[in-house]
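Asks: Keeping their order, the protein sequence lines are chains A and B. Numbering (the working numbering) for the first sequence: 1 to 454. Numbering (the working numbering) for the second sequence: 455 to 531.
For the record, the hints were derived by calculation from the structure and aren't laboratory data. Misleading hints may appear alongside valid ones.
[Said to hold, decoys possible] Straight-line distance between alpha carbons at most 27 angstroms, and here's what the computed DSSO-like set of lysine-lysine pairs gives:
no., chain 1, residue 1, chain 2, residue 2
1, A, Lys3, A, Lys324
2, A, Lys346, B, Lys497
3, A, Lys57, B, Lys497
4, A, Lys346, B, Lys503
5, A, Lys4, A, Lys57
6, A, Lys263, A, Lys324
7, B, Lys497, A, Lys58
8, A, Lys218, A, Lys125
9, A, Lys346, A, Lys404
10, A, Lys4, A, Lys96
The model shown is predicted, which means the values in this text are computed figures rather than measured ones.
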Amino acid sequence: MLKKLLVANRGEIAVRIIRAAQDLGIATVAVYSTADEHALHVRLADEAVNIGPPAAKKSYLNIEAIIAAAHDTGCDSIHPGYGFLAENAMFSDAVKAAGLTFVGPSGDAIRLMGDKVSARIAAAKAGLPVVPGSTGRLDSIEAARQTLTQTGFPVMIKAAAGGGGRGIRIANAIGEFEQAFPQAAAEALAAFGDGGLYMEKVIGRARHIEVQVLADGKEAIHCYERECSLQRRRQKVWEEAPSRALSSELREELCASAVALAKEVGYSGAGTVEYLYDDDADRFYFIEMNTRIQVEHPVTEAITGIDLVAEMLRIAGGEPLRLKQSDVTVKGHAIEVRLNAEDPSKDFAPFPGTIGDLHIPGGPGVRFDAMLYSGYQIPPFYDSMLAKLIIHAETREAAMTRLKRALRELEIGNVKTTKPLFIALASDPSVQAGDVHTRWLESWLNDNATALAG
Amino acid sequence: MTQILSPLPGTFYRSASPGTPPFKNDGDDVAVGDVIGLIEVMKSFHEVKADAVGKSIRFLVDNEDPVMAGAPLAEIG
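Just chain A, with the same shape it has in the complex:
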């Protein structure tokens, strides 16, 4: 078992990890930038170390400062959270080289899945269906033209080093393609230092469905799926588990494929295998694997009763996977909404400020993961996410009703947040019917955003 853990992150996920570690009797060290001196994760950890100025690249992305802080405080391990250094293979390698345990997969596993072309090849090798497209990197526009015979139009041109929605261009016809391909190569080189491209067919109306996996390097299990189809600018805003779109046969097939990929790459820790699900064709396609804990992990925890962060810490401490596949069962339905410091009626303009009165909803089936307290000054230097409200109930309908009740109770005084968006969505007939796809929310916002003042 790990003895002392440094949490290389901030915000709600740092708070979440510190709590999980303390529940397991592991001592905790927070790191913070000068902008986060009064942050909740700093207050909750057993110790805290200032690692630099507000700019993330001088603090939360500063590998040297973070490893030095771990040594100075006698830590034996580092949890990267999500974002920042969580999927940086060099960081995983550097932590190991410093004689510490990285709570997550090896640098090699991060590299394999971080390169979207090698991930696609590994997935195909493990028998996962991939979106029709190029088999490897496209070294020339001639090779790319060949791929068009499999994809047709519209086609997505993607950066091998991209991910999380970055580095993607769509071409609707050959003229656009001829222009976009060289531009995409130049952009990828400038943005990621790697001009490598690949191409995929555009699946018109698709759901985003992802499978949570846990693995110890030898064995792997899944903890069922999450559906995250409600997205704005390719960022998830509302997540659910399980997905109501899948038949039980397809669910088993989907989840088994995620386990096959985790085993294929000798994965260790918590990971998420992401898919597009085409309703009309009733088919799923692998898109990428995220080698970290995800923002939306609590919906899986709600329906399975598994503490995913605690399992990550146990695996990193050298314990074999405690759970067998047959131990993982689904109970009820869960929904998470992301409360961001943004004004949804003004094109989601960021709204840094000082939290006034804070009233957190409660009762059965209501979980609120946040770093908020009354008087907290939201720093403008980082992500706008303030809190996640997670609802669990026996059925999806009951979860929707409970979500509306909890949102009515929630008060985050003095700042604009995305709360009005979720009040409106929870009452929307399409959302209630689950009749959505990944581009549904943006078109809904075109018609409804101005009414979201609150």
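With chain A fixed as given, assemble chain B onto it according to the hints.
Replies: Chain B only, in chain A's frame:
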């Protein structure tokens, strides 16, 4: 002497992206509506425009410095 104030708290940038020339150099003249920098707030970027005409701009904060809302970014004569 007029000051150009930051409309938002965040990180101040003198150019559109790393490696590109600054919007304005010290000593440049400024017209109304000229972009003099960007403020990054929670990963979104907002242009800072001059709201008065002026001569010989002088910057008071460096590229990538953190700034508060209302902080003076530059002076124009």
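Asks: Determine for every hint whether it applies to the structure shown.
Replies: We went through each hint and held it up to the structure:
A distance of roughly 26 angstroms separates the Cα atoms of lysine 3 of chain A and lysine 324 of chain A; the hinted pair therefore holds under the 27 angstroms criterion. Between lysine 346 of chain A and lysine 497 of chain B, the direct Cα distance comes to roughly 16 angstroms. Compliance with the 27 angstroms bound is thereby established for this hinted pair. Restraint check: the Cα-Cα separation between lysine 57 of chain A and lysine 497 of chain B comes to about 13 angstroms, which is no more than 27 angstroms; the hinted pair holds. For a cut-off of 27 angstroms, the pair hint linking lysine 346 of chain A to lysine 503 of chain B stands: about 20 angstroms separates their Cα positions.
Pair hint lysine 4 of chain A plus lysine 57 of chain A holds up; C-alpha atoms about 25 angstroms apart against a cutoff of 27 angstroms. Restraint check for lysine 263 of chain A and lysine 324 of chain A: the C-alpha separation of about 15 angstroms stays at or below 27 angstroms, so the hint holds. Distance restraint check for lysine 497 of chain B and lysine 58 of chain A: the Cα-Cα separation of roughly 16 angstroms lies within the 27 angstroms cut-off, and the hinted pair is therefore satisfied. A threshold of 27 angstroms between alpha carbons decides the hint, and for lysine 218 of chain A with lysine 125 of chain A the separation of about 18 angstroms falls inside it, so the pair holds.
This hinted pair checks out: lysine 346 of chain A and lysine 404 of chain A have alpha carbons roughly 23 angstroms apart, not beyond 27 angstroms. For the given pair, lysine 4 of chain A sits about 15 angstroms from lysine 96 of chain A by alpha-carbon distance, which is consistent with the 27 angstroms threshold.
Checked against the numbered hints listed earlier, the structure breaks none of them; every hint is satisfied.
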